[in-house]
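Engineer: Next come the chains, spelled out residue by residue.
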Amino acid sequence: MVEPQLIKAAQAGDNEALVQVLRDIESHVYRTAYYLLGNEQDALDISQEALIRIYKKITSYEEKAQFKTWVQRIVTNICIDHFRKKKTTVSMDEHDIVIPTENNVEKELMQDIVTNDVQEAISRLPDTYRTVIVLRYIQDFSYDEIANALDMPLNTVKSYLFRARTKLQTLLHDYEKGGVHG
Amino acid sequence: MKCQEVVELMQRNVDNDLTTQEYSEMMKHIQQCSQCADMLQRLNRLSNDLETLPKVEPPGSIVDMILPQLQDMAGEEKPEEVNLTSTTSTHHKHNKKAKNKKKFSARKWMAVAGGMAATIWISIIALDWNELDHSINDQVQEEYQSEISESSSADKMHQSNSVNDTQDEVETGKEEQTQPVEKSEMPEDNARSMQQSEVINKDEVSMEFAESTTSDEQVEGEIEAEVERNPETQNENSPAEDENSRQLSQPIDKENSGSEQPEVESFIFENDVSEQEESFAPSEPEVLPAPEDKSEVEASDDVYGNEQYVVTIEQQNEQQRLVISMVQNEYNEADTLSWKDGVITTVQWLDEARVSYHVLYNEQLTIYEYNVIEKTEVEGPS
Numbered sequence: 001m002v003e004p005q006l007i008k009a010a011q012a013g014d015n016e017a018l019v020q021v022l023r024d025i026e027s028h029v030y031r032t033a034y035y036l037l038g039n040e041q042d043a044l045d046i047s048q049e050a051l052i053r054i055y056k057k058i059t060s061y062e063e064k065a066q067f068k069t070w071v072q073r074i075v076t077n078i079c080i081d082h083f084r085k086k087k088t089t090v091s092m093d094e095h096d097i098v099i100p101t102e103n104n105v106e107k108e109l110m111q112d113i114v115t116n117d118v119q120e121a122i123s124r125l126p127d128t129y130r131t132v133i134v135l136r137y138i139q140d141f142s143y144d145e146i147a148n149a150l151d152m153p154l155n156t157v158k159s160y161l162f163r164a165r166t167k168l169q170t171l172l173h174d175y176e177k178g179g180v181h182g
Numbered sequence: 001m002k003c004q005e006v007v008e009l010m011q012r013n014v015d016n017d018l019t020t021q022e023y024s025e026m027m028k029h030i031q032q033c034s035q036c037a038d039m040l041q042r043l044n045r046l047s048n049d050l051e052t053l054p055k056v057e058p059p060g061s062i063v064d065m066i067l068p069q070l071q072d073m074a075g076e077e078k079p080e081e082v083n084l085t086s087t088t089s090t091h092h093k094h095n096k097k098a099k100n101k102k103k104f105s106a107r108k109w110m111a112v113a114g115g116m117a118a119t120i121w122i123s124i125i126a127l128d129w130n131e132l133d134h135s136i137n138d139q140v141q142e143e144y145q146s147e148i149s150e151s152s153s154a155d156k157m158h159q160s161n162s163v164n165d166t167q168d169e170v171e172t173g174k175e176e177q178t179q180p181v182e183k184s185e186m187p188e189d190n191a192r193s194m195q196q197s198e199v200i201n202k203d204e205v206s207m208e209f210a211e212s213t214t215s216d217e218q219v220e221g222e223i224e225a226e227v228e229r230n231p232e233t234q235n236e237n238s239p240a241e242d243e244n245s246r247q248l249s250q251p252i253d254k255e256n257s258g259s260e261q262p263e264v265e266s267f268i269f270e271n272d273v274s275e276q277e278e279s280f281a282p283s284e285p286e287v288l289p290a291p292e293d294k295s296e297v298e299a300s301d302d303v304y305g306n307e308q309y310v311v312t313i314e315q316q317n318e319q320q321r322l323v324i325s326m327v328q329n330e331y332n333e334a335d336t337l338s339w340k341d342g343v344i345t346t347v348q349w350l351d352e353a354r355v356s357y358h359v360l361y362n363e364q365l366t367i368y369e370y371n372v373i374e375k376t377e378v379e380g381p382s
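Line by line, the protein sequences are chains V and X. Numbering-wise (this note's numbering), the first sequence opens with residue 1 and increments by one. Numbering-wise (this note's numbering), the second sequence opens with residue 1 and increments by one.
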């Protein structure tokens, strides 16, 4: 949690405070990017872009919004734009995201647990479903906070979240049967 | 309670969104419906798995990775301030030149005014001397005539010789000598008129100088004449002058208290057109139409916008990004269209919502149209 005083100091032009704000949020930014994009390198690139944008736009943040939802809105928007723009980079159809399986430190640490399947299932969700799941479980946001971050009506958030979990259940059930991985 | 209603309660349950009564109703149904009980179990397990997803950390500090960029940005301050600073510095440069020009021009006008005053003074003096000579001649002639008349009974030959001698002396004095002598013997009226002439001339000189340094009328007259002589020059410089006057007029007014600025501008316009063009080189406006020149696009932080959206081309890690953001936006989020290998060559707003841009990739040019409202993109017509 970033201290409000630190945010105010950053907005007032205190560069050290602003850098400290970025340090406080970088892990949150990276986690969202990582689970939305599904790989470390893209997550790093997008996190950098998001932090730079936050650095540039810090003065435009208004207290009527929570700082963490403002930050997550920026990150998720950049990620969503990244989904759209993959023509010349890699094919990132929303049902065709592949989490890299080689030379991935996080994956080596998680191989023994079921989270690999969960991550795989998350990566196969449509963008909007994946986004609400990430905000709900990775950022521990409430319905309201997700709605604010994504600029969505509350009922839409609930609807997406419920459908996303149902879809994940279906995908994980297929994994248990071995239908997806083959 | 129907199973479908219970499913929604189960979903809300994993988000801790149920009231006590709702929870009781759900559990009551679960105890009676094995299918819903299985579903609840799977849902709780999924939610538990999701909640226990590892809180991944970046391999290193991302802030440290971008710190040089942040420091660069901090050095440049905010983009708006950078623009302001550069504008101000341009203005200072221009103003310094203008001041130098003004000093040079003032000296020039001082010299011209001094020369004109001296000419007028000399001509008046010459005129006065002519008048003085005439008056002296008249006076001498009158004195001699009176002497002649008084000594009418004297020797007429002597008188005529005297008169002739005296006339000779007067003529000699007139031709050769005697300005100092005559000046010293100047009648009071003539001396007074001379002094008055000097005073008048000094006033004229000072007025002439004052006009040359502070009045716009004379300078503007010169400028108009200059402009008439060089209509092409006028055409070439007017847009630049207009552009800069739009951007710079306020700081100039603030810093120079306004009184002399028009004169400074006029002097520059009059004296050195080429230098004015250099110092008044039109700066890039913040909102631009699509450039025709590829080099303009390749420069970093190019900005193209309409009234509501601004498009910025950013270069980062060998990747070009077309960042489309709203001018007024609570969250300041933006649409980012990234191109790793392609080069964005042209950006153009087709209307208020659609922006077209060209991407050169593998020597093939593709045109895309992005709709900022619908957030959709299509390959546009070539």
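Worth flagging that the hints you see were computed from the coordinates, not collected in a lab. Any given hint could turn out to be false.
Said to hold, decoys possible - Think about it this way: if two alpha-carbon atoms lie no more than 35 Å apart in a straight line, the pair counts; the simulated DSBU-like pairs of lysine-lysine are:
hint	chain 1	residue 1	chain 2	residue 2
1	V	Lys-57	X	Lys-2
2	V	Lys-167	X	Lys-2
3	V	Lys-57	X	Lys-55
4	X	Lys-55	V	Lys-68
5	X	Lys-2	V	Lys-8
6	X	Lys-375	V	Lys-64
7	X	Lys-55	V	Lys-64
8	V	Lys-56	X	Lys-2
9	V	Lys-68	V	Lys-56
10	V	Lys-8	V	Lys-167
Small disclaimer: the values here were computed from a predicted structure and weren't measured.
Engineer: Quick one: which hint numbers does this structure break? Sort them smallest to largest.
Structural biologist: Hint check: 1, 5, 8 and 10 fail, others pass.
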